[in-house]
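*Asks:* Chains A and B, in that order, are what the protein sequence lines are. Sequential numbering of the first sequence, starting at 1, is according to my numbering. Sequential numbering of the second sequence, starting at 160, is according to my numbering.
Check each hint, because a few of them may be wrong.
What the hints assert, rightly or not - Chain A side only, calculated, beta carbon under 8 Å to chain B, not exhaustive:
1) 2
2) 3
3) 6
4) 41
5) 44
6) 46
7) 50
8) 65
9) 105
10) 107
11) 119
12) 122
13) 130
14) 134
15) 135
16) 137
Claimed, not checked - Here are some chain B residues the structure puts well away from chain A; computed CB gaps all over 10 Å:
17) 309
18) 313
19) 318
20) 331
21) 380
22) 394
23) 417
24) 442
25) 451
Please keep in mind that the hints were generated in silico from the structure rather than gathered at the bench. No residue lacks a Cβ here, since even glycine has one placed at the ideal position from N, Cα and C.
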Amino acid sequence: MYVAGTGNGNGIFGSAHAVITDSVVEAFASGIWVDVGSLVRGCTTTGNSDYGIRAGAGSLVTANIASGSFAGIWALEACTVIGNNVSANQYGITAFTGSTLLDNTVRENSVIGIFFAGGPSGYARNVLSFNNGADTNTQVSAGGIEIGTNICGTDTVCP
Amino acid sequence: MRSRQAIPALLVVAFSLTLPRSATAVDGVIEINQARALAGSVTAGDAQGFPVTIDSGGSYRLTGNLSVTGTNGIEVLPTTNGLAVTLDLNGFSITSTEPCTCTGIRVNGQTRVSNGSVRGFMHGVSGPGELWIASTYLAGTGNGYGIDSSGHAEITDSVLEWFASGISVVGVGSLVRGCTTRNNSERGITSGANSLVSGNTVSGSRYAIDVLEGSTVIGNTVYANEIGIVVTSGATLLENNVRANSGYGIFFSGSSSGYARNVLTGNNAGDANPQVTPGGIEIGSNICGTDTVCP
């Protein structure tokens, strides 16, 4: 499905246990907004001013492309965020307590690549580059626990 | 004696016969076949013969094969109503009957193409428009581009062969998923920055997969090319099977790219030779030749 907005509202709004796949959503305030236990897979969100993908607690967010938002992916507690390409947002991925972040490519987000909010979350095999203005600046906030190697800038020292 | 009431009705019929008619629309879908292409008026701006010109957004469907000689098959223009064009090939083909420097489907606006074949043109689907292609077979003549888009593009579940470049989607954030490209002489898949390239099978090219910075390359099978996967800065390469490419399996240019769980064998003239160039950072184990020492 292709959904284009006028700069406000939600592109796709799902309540709990929503399943959103293979869609393109652009030019809303929030591209895809789903509540607890949802699946967002294979979608592209571009130019949504607030959130590209906002996922409720316990959701699976995988294989999406998210760019041009305040927050590319905003994942509430205990989400699994795998294999996404997140670029050119202000915040790349924001993850709340107990989330798992794997295999994501996170680049050129102006504030930070991954922002951990709340308690600890785990992350591994993510490649973060050129976020926060340069490879030499902080790519990921404190609060995450490395459960495998990540690239932060030009090396594997995170945050 | 003819009634007065019948006269206006007859006038309407007579007048409508003098107007140019667009192609038949069924349930809002405009049908295209060889006869209608030759007759013209598929849309308001469509002249007789090829190319079929689509200048109004909406849904179009082939109801027969199109056979084209010496020109483009279909041209999608910026639409007069501002809507996207959806073109369902409906299992049919658009075929060029002779070699030409022309394009099967030329796009200049937001366009979706699915479910059919485009054969024998120099370029398959090409143009600056935003592009979605699914479940389509494209075969070229040894040169040109199979799919060429400078805008955002999403290409899925399609097969491309016998072009110089199979899929070239240089728009930022493009998606190439589930495609097969084979025997495209120069490049199999080329994608722009921050793209996602996953689940494809690529063989028979000089450069199999070539992605710009910040791209994600996951789960592809890449074999029998010269160079397997070429990445610039900030890319993520995971779970690719890269085998029997005559040069490097993975070529890293730039910095900050990571790779894990890739299996590289028989590249660069044998398992004993380097399978990947320096410059990548291992974020998990890879197999390079017969062990996990990379490069």
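*Asks:* Was the hint right that residue 50 (chain A) lines chain B, CB cutoff 8 Å?
*Replies:* Because about 18 Å separates residue 50 (chain A) from the closest Cβ in chain B, which is outside the 8 Å limit, the hint is violated.
*Asks:* Given residue 44 (chain A) was flagged as interface, is its beta-carbon under 8 Å from a beta-carbon of chain B?
*Replies:* holds, 6 Å
*Asks:* Using 8 Å as the Cβ threshold, decide whether residue 122 (chain A) counts as touching chain B.
*Replies:* Constraint on residue 122 (chain A) not satisfied, violated at 14 Å.
*Asks:* Quick one, is the residue 105 (chain A) hint okay against chain B at 8 Å, beta carbons?
*Replies:* This interface hint holds because 4 Å falls under the 8 Å limit.
*Asks:* Was the hint right that residue 134 (chain A) lines chain B, CB cutoff 8 Å?
*Replies:* violated, 11 Å
*Asks:* Can we confirm that no CB of chain A comes within 10 Å of the CB of residue 313 (chain B)?
*Replies:* violated, 7 Å
*Asks:* Go through the hint on residue 6 (chain A) and say holds or violated, using the shortest Cβ distance to chain B against 8 Å.
*Replies:* violated, 13 Å
*Asks:* Would the hint on residue 41 (chain A) stand, with a C-beta cut-off of 8 Å toward chain B?
*Replies:* Interface hint status for residue 41 (chain A): violated (11 Å vs cutoff 8 Å).
*Asks:* Residue 380 (chain B) clear of chain A by more than 10 Å, beta carbon to beta carbon?
*Replies:* holds, 17 Å
*Asks:* Taking 8 Å as the limit, does the beta-carbon of residue 119 (chain A) come near enough to a beta-carbon in chain B?
*Replies:* violated, 24 Å
*Asks:* At a threshold of 8 Å, is the proposed contact between residue 2 (chain A) and chain B supported by beta-carbon distances?
*Replies:* holds, 7 Å
*Asks:* Given residue 135 (chain A) was flagged as interface, is its beta-carbon under 8 Å from a beta-carbon of chain B?
*Replies:* Cβ of residue 135 (chain A) sits 6 Å from chain B, so the hint holds.
In summary, the numbered hints that this structure violates are 2, 3, 4, 7, 11, 12, 14, 16, 18, 20, 22, 23 and 24.
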